[in-house]
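J.: Starting from the given sequences, assemble the full structure and let the hints guide the process.
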Amino acid sequence: MTHKHIILASAVALLMAGCIREEAPNAEADITCCTLPEGYILDKEIDYYAGYDNTIHAFPLDITVRDGVGLTSLSPCFELTPGATIEPASGSTHDFSSPVRYKVTSEDRKWSKEYSVCFHYRSQQDFPLVMHLDSAETESGFHTFHDGIITWCSGNRGFRLVNTGAAPDMYPTVYSPDGYSNGCAVLTTRTTGSLGEMAGMPIAAGNLFIGTFDILNAMKDALAATKFGTTYTHKPLAVEGWYKYTPGPKFYEDGQYTDRVDHGNMNAIFFETDDNVKMLDGHADTEGWNHPAMVALASMPEIPVATEWTHFRLEFDYDRYGHGVDPDKLAAGRYSISLIFSSSAGGGEFEGAPGSTLMLDEIRIINE
Amino acid sequence: MNEVMKSRLFAATIAILALAHCAPAQAEIHYDIRAGIGIGGIAPLPFPEEIREIYSYSPGFQPSIQAGMSDMLSTKWGVRTALRLETKGMSTSARVKNYSMSITGDDGSSLYGFWTGDVDTDARNFLLTVPVSAVYQITDRLSLDFGPYLSLLLGGDFSGEVSDGYLREGSPIGDKVVFENGATSSYDFSDSYSRCQFGLSLGADYRINDEWFVSAALDWGLTDVFKSSFKTITFDMYPICVRLSVGYSF
Chain A
1 MTHKHIILAS AVALLMAGCI REEAPNAEAD ITCCTLPEGY ILDKEIDYYA
51 GYDNTIHAFP LDITVRDGVG LTSLSPCFEL TPGATIEPAS GSTHDFSSPV
101 RYKVTSEDRK WSKEYSVCFH YRSQQDFPLV MHLDSAETES GFHTFHDGII
151 TWCSGNRGFR LVNTGAAPDM YPTVYSPDGY SNGCAVLTTR TTGSLGEMAG
201 MPIAAGNLFI GTFDILNAMK DALAATKFGT TYTHKPLAVE GWYKYTPGPK
251 FYEDGQYTDR VDHGNMNAIF FETDDNVKML DGHADTEGWN HPAMVALASM
301 PEIPVATEWT HFRLEFDYDR YGHGVDPDKL AAGRYSISLI FSSSAGGGEF
351 EGAPGSTLML DEIRIINE
Chain B
1001 MNEVMKSRLF AATIAILALA HCAPAQAEIH YDIRAGIGIG GIAPLPFPEE
1051 IREIYSYSPG FQPSIQAGMS DMLSTKWGVR TALRLETKGM STSARVKNYS
1101 MSITGDDGSS LYGFWTGDVD TDARNFLLTV PVSAVYQITD RLSLDFGPYL
1151 SLLLGGDFSG EVSDGYLREG SPIGDKVVFE NGATSSYDFS DSYSRCQFGL
1201 SLGADYRIND EWFVSAALDW GLTDVFKSSF KTITFDMYPI CVRLSVGYSF
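Protein sequences, first through last, are from chains A and B. Residue 1 is where the first sequence starts when you use the numbering used here, and the numbers rise one by one after that. Residue 1001 is where the second sequence starts when you use the numbering used here, and the numbers rise one by one after that.
Calculated from the structure, these hints are not laboratory results. In this text, a Cβ means the ideal position worked out from N, Cα and C, and glycines have one as well. Be a bit skeptical, because a hint or two may be false.
Claimed, not checked - When the alpha-carbon atoms are kept at most 30 angstroms apart in a straight line, the in silico DSBU-like pairs for lysine-lysine are as follows:
hint, chain 1, residue 1, chain 2, residue 2
1, B, Lys-1227, A, Lys-110
2, A, Lys-278, A, Lys-227
3, A, Lys-110, B, Lys-1231
4, A, Lys-220, B, Lys-1231
5, B, Lys-1176, A, Lys-278
6, A, Lys-44, B, Lys-1176
7, B, Lys-1176, A, Lys-220
8, B, Lys-1097, A, Lys-110
9, B, Lys-1176, A, Lys-227
10, A, Lys-103, A, Lys-227
11, A, Lys-278, A, Lys-44
12, B, Lys-1097, A, Lys-220
13, B, Lys-1176, A, Lys-110
What the hints assert, rightly or not - Each pair of labels, with its calculated beta carbon distance range:
hint, chain 1, residue 1, chain 2, residue 2, range
14, B, Tyr-1206, A, Gly-255, 19 to 25 angstroms
15, B, Lys-1231, A, Lys-250, 35 to 41 angstroms
16, A, Gly-255, B, Leu-1144, 57 to 63 angstroms
17, A, Arg-21, B, Asp-1106, 31 to 37 angstroms
18, A, Ala-167, B, Ser-1229, 25 to 31 angstroms
Unchecked claim - Rough simulated footprint, nothing fancy, chain A against chain B, three-plus residues with beta-carbon under 8 angstroms:
hint, region
19, 1094-1107
20, 1111-1125
21, 1173-1184
T.: In structure tokens, the structure reads:
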């Protein structure tokens, strides 16, 4: 380019810079933080970006508080998207014996989000004895399983980003009525299309786990998006249930199909939490569950082919870590548990055979 | 460039060369050819409030060749028309807020939402343009021309990448997905260009000697470069450029 061109181009650039208009008011309407007086909240991590819940017609905000906190008169304070407003007001006092609805309106007044804010005691959060996987809601276009107080998580919410038009039963994790007993979960390894490839995630293993799916991280660090764990106040000894497993025909790895035979896996983890370690994520899985917070692991690293419903029992191995279980910490809710199932064991690294199918039903945790 | 576009370009080049070749030396009708480069871009007017900062702008190399004829109806006034083969385009890098965006894959799948973060854009149009203008002779050496033009799109590209920001899926209250640490996604709206463009052009020719002259013109597009059915970019985009040329008269 000659000097003349550079001068002209600079003039155009300057002109364009001069054209920048005043910033528009924000269009987002999020609760980004919720606080109660010091020591009230027990939650290790609060999921502010949980998906819309069709059963309550609102975005859920579930927070666990210490036993003895009076639910009938709480005054939570909220931080919001800059400029957004909340109704009823942040800091106002309400009876949280049942969930209270708040409406957040964006700064530009064009968008609003209805939240259902629920404060509850951990003692209410007893695990169901058996997780039947008998009912699933279609939320945001895919199936989500609820078993008592447990809402099973999956990578479906991430799959949706790259396959917005997929029918609910084309997701990696779906409900089926053909269970061992009533309904069941069907986990299928799927290809993700060109958008998934672009994001470096060419396949999506069907998965089912107890924890949260952090949609914020879904594109930048998929392993960090699957967060495992919920507070558990019993010492688990084993996990039992029923499964079927069929590997897909062609194994996908490093951009090509190979003759490797796929296998699913199951892991149940029991780990200690503190201020630094609140949940474990998919990285702990790909690193072989060697995280220092681990207390016990119950694992079936290679699920054998099973075309009929087959019983499984995974024993928790405490010896591997040698940490023992402190009864005081157990009672204080310092331990967490998660059950993690995947239709392709290499799913975290985006290896697996599309079509691999793991069916699960009637899952039970055996405690000491 | 696809095969259809190549053949169109070829045909248009032949037509221009033929027109130039046929030029007989006559008293009133003058024939000329000119070659030039364009500096400009495809821009929304006024800038929408979604655009927060322009990090960089490059006009790229936008050549044009033109064969024209002018008829001086009097000593002062005349009319001119031409056939011009040209490219218009730019590369920009900008920061946007709440910008309607559709991330696209090559199998046609897409993810629509509202993007806050960085957007890089490469835009290019290959055009066959027919201008018609009134010419006013100011002095022996200097003339002005002004008139409309019609451009036929032979091919084009409007694509780029988003990075370092987040997408709200579907609407500003949809799922929030962060793209950071080198996570990027591409978009491609090349198929959504309108086939025709219409605009106004104001130019000046300065004669160096009997044969050679230099010329500067401002082309101002008046129609959106995208089809009206294309809704992802919520504002109209207009091609605007300055063309600098060297010409030869017969």
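J.: It remains to establish, for every hint, whether it holds in the given structure.
T.: Structure-based check of all given hints:
no., hint, in the structure
1, B:Lys-1227 x A:Lys-110, "holds, 27 angstroms"
2, A:Lys-278 x A:Lys-227, "holds, 9 angstroms"
3, A:Lys-110 x B:Lys-1231, "holds, 19 angstroms"
4, A:Lys-220 x B:Lys-1231, "holds, 27 angstroms"
5, B:Lys-1176 x A:Lys-278, "holds, 22 angstroms"
6, A:Lys-44 x B:Lys-1176, "holds, 21 angstroms"
7, B:Lys-1176 x A:Lys-220, "holds, 12 angstroms"
8, B:Lys-1097 x A:Lys-110, "holds, 16 angstroms"
9, B:Lys-1176 x A:Lys-227, "holds, 17 angstroms"
10, A:Lys-103 x A:Lys-227, "holds, 28 angstroms"
11, A:Lys-278 x A:Lys-44, "holds, 5 angstroms"
12, B:Lys-1097 x A:Lys-220, "holds, 19 angstroms"
13, B:Lys-1176 x A:Lys-110, "holds, 18 angstroms"
14, B:Tyr-1206 x A:Gly-255: 19 to 25 angstroms, "violated, 58 angstroms"
15, B:Lys-1231 x A:Lys-250: 35 to 41 angstroms, "holds, 39 angstroms"
16, A:Gly-255 x B:Leu-1144: 57 to 63 angstroms, "holds, 60 angstroms"
17, A:Arg-21 x B:Asp-1106: 31 to 37 angstroms, "holds, 34 angstroms"
18, A:Ala-167 x B:Ser-1229: 25 to 31 angstroms, "holds, 26 angstroms"
19, 1094-1107, "holds (count 7)"
20, 1111-1125, "holds (count 3)"
21, 1173-1184, "holds (count 9)"
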